[in-house]
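Participant: Chains A and B are the protein sequences, given in the same order.
All residue numbers for the first sequence refer to the working numbering, where the first residue is 1 and numbers rise by one.
All residue numbers for the second sequence refer to the working numbering, where the first residue is 1001 and numbers rise by one.
Please note that the accuracy of each hint is not assured.
[Claimed, not checked] In silico SDA-like pairs for lysine to any residue, Cα to Cα no more than 20 Å straight-line: (1) A:K155 <-> A:Q103; (2) B:K1045 <-> A:K34; (3) B:K1312 <-> A:K35; (4) A:K45 <-> B:S1038; (5) B:K1312 <-> B:S1038; (6) A:K34 <-> B:S1038; (7) A:K35 <-> B:K1034; (8) B:K1045 <-> A:N231; (9) B:K1045 <-> A:D206; (10) B:K1045 <-> A:P165; (11) A:K34 <-> B:L1168; (12) B:K1034 <-> A:D164; (13) B:K1139 <-> A:A42.
These are computed hints drawn from the structure, not numbers from a lab.
There are 2 protein chains.
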Amino acid sequence: MTIKPYFLILLAVIGILPAAQAQTPFESDSIFIKKIFSEALANGKSYEWLRVLTTQIGGRLSGSDGAVKAVVYTQKVMEDEGFDKVFLQKTEVPHWVRGAAEQAYFQSGKKKVQVPIAALGGSVATSKAGVKAEIIEVKSFLELRALGKEKVAGKIVFFNRPMDPTQLSTFDAYRGAVDQRGNGATEASKLGAVGAIVRSMTTRMDDFPHTGGMRYGPGVPLIPTAAISTNGAELLSKAIKDNPAIQFYFKQNCETLPDALSHNVVGELKGSTNANEIIVVGGHLDSWDLAQGAHDDGTGCVQAIEALRILKTLGYIPKRTLRSVMFMNEENGLRGGVTYADSARINSEVHLAAIESDRGGFTPLGFGLVGTTAKKAKIQSWQPLFASYGIYEIGPGGGGADIGPLGQQGATLLGLIPDSQRYFDYHHAGSDTLDAVSKRELEMGGAAMAAMLYLIDKYGLE
Amino acid sequence: MTIKPYFLILLAVIGILPAAQAQTPFESDSIFIKKIFSEALANGKSYEWLRVLTTQIGGRLSGSDGAVKAVVYTQKVMEDEGFDKVFLQKTEVPHWVRGAAEQAYFQSGKKKVQVPIAALGGSVATSKAGVKAEIIEVKSFLELRALGKEKVAGKIVFFNRPMDPTQLSTFDAYRGAVDQRGNGATEASKLGAVGAIVRSMTTRMDDFPHTGGMRYGPGVPLIPTAAISTNGAELLSKAIKDNPAIQFYFKQNCETLPDALSHNVVGELKGSTNANEIIVVGGHLDSWDLAQGAHDDGTGCVQAIEALRILKTLGYIPKRTLRSVMFMNEENGLRGGVTYADSARINSEVHLAAIESDRGGFTPLGFGLVGTTAKKAKIQSWQPLFASYGIYEIGPGGGGADIGPLGQQGATLLGLIPDSQRYFDYHHAGSDTLDAVSKRELEMGGAAMAAMLYLIDKYGLE
């Protein structure tokens, strides 16, 4: 965190005043937003939809049966809600499969100590016999390169730099560690390593390996790579300290199949006066395969549908066309987001704004904004309308991966920012299940999105 | 929620400015508070203490073995941390025991439908045979009184008004429903009822009965009373609609034993220049018996110890004497809070302020204040120092039950206000266990208390 000099805070406070005077929110907006939150908390449907998506469908990795079922289910939900139009958008997605469960152990004397691992998405398999080699621990690519080929070739590299627990936003801590997962195998392979094991991206100490996407850089030999649970990482690190010549074994059975046909799911309430202007609210329907994909991103999907349901139920007549979009393939390709934006360009659709929820179904605290200074200022001027709901931080934090391509077409991007403290306890791991979601927190987030959608629709961003 | 007219918000914003200019927080405070949070998140001990308190000791109702063990354990923790002084304060506490598990069912035709109940704290037992009678459902005391003795006498009254889910603070929803638990038996007894069953105080639908304190009004026959789980309440309500003459049976085995000797536990860092002025940070050590007493209030206790540990570890030399107080008997008597304040008065101790954490170990969002306008304004002027940590709401919300008696001696009272959305999922129920606590959220709360303690100590409240 950087320390804000106090005069900056003062300037920020003063800065609110002219905007607030120019753009006075009306009492009717306060009343309508209260109705939105009450509808969500008293009659919300999002938790029940999430229950089906997570416990009856479960993991929804692109190309999987779960992903197909999730497309069919969310299409039906939006049709049942009577949205004006519900349609699918074809998109071809990568199709990576895990295969049989991984195995891993290190050799401590004559004892084999099993540790929980999970292949990273996009990794190649090991040979059928698995890989067994000496393992060396590093905390950074700099440290790895300093070792050089001589000390790395033929070995397995263990990337063990933890997420920094002192970062207040766990997303900042994630950004500071995830290079190991995304590029660790490539960096290790450049020096002749035969495998890469990466500490799971979480600050929690437990036995869940957290998977996630990785890519091989151009021209390097494709070596297998997997995440190890944090408890496993600590155990392994200690064992290496005790015996630097320790042998590590792992076997994984994943493979990349030909691309599969999949779909975005789009539901729409047609605009009454400016139907050609579109505002999107969305989440991504795919999830990693290890769990139920509750916080990542079942919650975002059901909140996006709920936002439209609430406005429709309250009898709100939108000026602009409002769309709830279930993006496919955020986790390992972003094909759905790209497809959606391509389709918008081809059909000359004008997207005023897009709101994404992809940081978990926790208590909403703010919105991240990406857009012009003037448009961001207009959105920020509405903050007093959100204060009663604990939403103070409108500005920093970005939009969302799926809506990124729409930003290149001029859409203002908004990312719902919930409390981040628990997100990486569950992210990409077997622990991301329905019981980790609080119904009320989920509903507060959906209501916040509906309120923002309402204000953008009503007032525009000019 | 009341709608704030916009001009009030403007006034509030403008109101901040003079105070902020008069009382500019220093950059050194920002830096020190960042160190406090980093210490809590990187090296925090509170979660480990909570693990022992909840999983090794467990429920700690006043007078129980668990309460005795908790006194011994927290005393040892503070001694091990090297606080300047650690001592016990004797207090005599009510000693209510649940006895064997309750039983309850309603008769649906020939079928007995079991429902989960738990005797309310302070209730009398049923006879050994239990109570079986017709049951009538009401939503309020008004509705009950309108029925009159004729329709109530000889029956069991079922109080089934849910907590209002549209209240944004679940504490507001609780306050709107808890009269049923506290006074339901008395109101029913006045009209000749033979028992009272109360819907559990939670917005969640599940199978946990939530117990809690109740009192009999003067002169009424003491009838047994119990909480029923929300799922049970829904089932029962439907059964009554189907057959208004339905019979309900319950049996409970609780009793009130003679008062027991127990203790507050106090740890102290002695002030360097104003040792005669004391600032308290505390939680309550007792808990209901149905669970581990994690969020209520194990979290508050370990946060209070952690606040002192952090300041000590960072080498902070307090001007004033800082005390971490484990209050005994908040749940069913408040004897510890009264004893502590009595002792302060007898010993002519001056308490400048007291900070309590008794709203769960969730992400901190603010502090409630009770005190003079000038002192509250001084505390509020520090809010910019908390903004980086998501703490915006310093003012409304009150102090805490245990520190209330100190307020009557002129101490300014502060209550830590964490996110409330999940609190009543666990409150007084079997679900209040360690796994419902997020380590990071717990640590953020402890750090917020340490930061506030530091500012009050450093700047005073004049």
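Participant: Take a quick look at whether K1139 of chain B and A42 of chain A sit within 20 Å of each other, Cα to Cα.
Facilitator: holds, 18 Å
Participant: Hey, K155 of chain A versus Q103 of chain A, does the alpha-carbon distance stay inside 20 Å?
Facilitator: holds, 18 Å
Participant: Going straight from one Cα to the other, do K1312 of chain B and S1038 of chain B come out at no more than 20 Å?
Facilitator: With Cα atoms ~14 Å apart, K1312 of chain B and S1038 of chain B stay inside 20 Å; holds.
Participant: Check whether the Cα positions of K45 of chain A and S1038 of chain B lie no farther apart than 20 Å.
Facilitator: violated, 39 Å
Participant: Take a quick look at whether K34 of chain A and S1038 of chain B sit within 20 Å of each other, Cα to Cα.
Facilitator: Roughly 37 Å between the alpha carbons, so the hint for K34 of chain A and S1038 of chain B is violated.
Participant: Is it true that the CA of K1034 of chain B sits at most 20 Å from the CA of D164 of chain A?
Facilitator: With a Cα-Cα distance of about 14 Å, the restraint between K1034 of chain B and D164 of chain A holds, given a limit of 20 Å.
Participant: Going straight from one Cα to the other, do K1312 of chain B and K35 of chain A come out at no more than 20 Å?
Facilitator: violated, 48 Å
Participant: Regarding the pair K35 of chain A and K1034 of chain B, is the alpha-carbon distance no greater than 20 Å?
Facilitator: violated, 39 Å
Participant: Given the hint that K1045 of chain B pairs with P165 of chain A, test it: the Cα-Cα distance must not exceed 20 Å.
Facilitator: With Cα atoms ~14 Å apart, K1045 of chain B and P165 of chain A stay inside 20 Å; holds.
Participant: Are the Cα atoms of K1045 of chain B and K34 of chain A separated by 20 Å or less?
Facilitator: Distance of about 40 Å is beyond 20 Å: violated.
Participant: Take a quick look at whether K1045 of chain B and N231 of chain A sit within 20 Å of each other, Cα to Cα.
Facilitator: holds, 18 Å
Participant: Quick one, are K1045 of chain B and D206 of chain A close enough, alpha carbons at most 20 Å?
Facilitator: Measuring from Cα to Cα gives roughly 17 Å; hence the hint holds.
In summary, the numbered hints that this structure violates are 2, 3, 4, 6, 7.
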